[in-house]
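Protein sequences, first through last, are from chains U and X. In terms of our numbering, the first sequence opens at residue 384 and continues consecutively. In terms of our numbering, the second sequence opens at residue 1055 and continues consecutively.
By construction, these hints were calculated from the structure, which means they are not laboratory data. We put the CB at the ideal spot given by N, CA and C, even for glycine. Hints may be right or wrong, so weigh each one.
Claimed, not checked - Computed list of chain U residues with no C-beta within reach of chain X, every gap over 12 Å:
no., residue
1, 401
2, 417
3, 445
4, 446
5, 447
6, 450
7, 451
8, 452
9, 454
10, 456
11, 463
12, 464
13, 474
Unchecked claim - On the chain X side, residues computed to face chain U include the following (Cβ under 10 Å):
no., residue
14, 1056
15, 1091
16, 1121
17, 1124
18, 1147
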Amino acid sequence: MRALTKAEMAERLFEDLGLNKREAKEMVDLFFDEIRHSLTHNEQVKLSGFGNFDLRDKSQRPGRNPKTGEEIPISARRVVTFKPGQKLKIRVEAYAGSESI
Amino acid sequence: MTKSELIERMLTKQPQLSAKDVELAVKTILDHMSQSLSTGERIEIRGFGSFSLHYRSPRMGRNPKTGDSVELSGKFVPHFKPGKELRDQVNESLGA
């Protein structure tokens, strides 16, 4: 399955914005690093038109080892969730492909 | 952090670029990502996570105003799965 990668994003910045290859790569890296930095400091990220990255604190809950059936508590944790924005949702809804990706 | 704050923070680390360049770069990246998903292409960012589409089956819905049943067709919705590195780092911040 084809997937968009950072290398292709950098290539587009090089082609469309005329950044040099090094700058283009640094921009793409920085983009994801800054988002990650925010999220690891418990700060929500809101990218209008694209979506929001939210943080949710989950309390401890009972779990099971699926192999042995043994009960083990799943510890309290913090997780990232992504809520797509209206614009992205509308763009994606229009995708008519039958194959799930 | 909003998009404009993201642009400002990136700018402090790339001071040789103009604010306009950084703003355009962020818009171009987000548009590229939206464009990929809207053509059914996944996005994979190592250490960060991956975006893909999930299918929602057709279902009967209701018009909340009139209560009438309406047929809703199947559709795709964007989905993000955080990568292991991001998951671990975010989880570690819980105790901090």
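For each hint, the structure was consulted:
1. 401: 9 Å, violated
2. 417: Not fine: 5 Å to the nearest Cβ puts residue 417 of chain U too close to chain X.
3. 445: Fine: 19 Å to the nearest Cβ keeps residue 445 of chain U off the interface.
4. 446: Since the minimum Cβ distance to chain X is about 15 Å, residue 446 of chain U lies beyond 12 Å and the statement holds.
5. 447: Label holds. Min Cβ-Cβ 20 Å, cutoff 12 Å.
6. 450: Non-interface label on residue 450 of chain U holds, nearest chain X Cβ at 21 Å vs cutoff 12 Å.
7. 451: 24 Å, holds
8. 452: Non-interface label on residue 452 of chain U holds, nearest chain X Cβ at 26 Å vs cutoff 12 Å.
9. 454: The assertion about residue 454 of chain U holds, with a minimum of 22 Å to chain X.
10. 456: Label holds. Min Cβ-Cβ 15 Å, cutoff 12 Å.
11. 463: 5 Å, violated
12. 464: 8 Å, violated
13. 474: With a cut-off of 12 Å, residue 474 of chain U comes too close to chain X, as the shortest Cβ separation is near 4 Å.
14. 1056: Residue 1056 of chain X check passes; min Cβ-Cβ to chain U is 5 Å, inside 10 Å.
15. 1091: 5 Å, holds
16. 1121: Violated, because the Cβ-Cβ distance from residue 1121 of chain X to chain U comes to roughly 24 Å (cut-off 10 Å).
17. 1124: 16 Å, violated
18. 1147: 5 Å, holds
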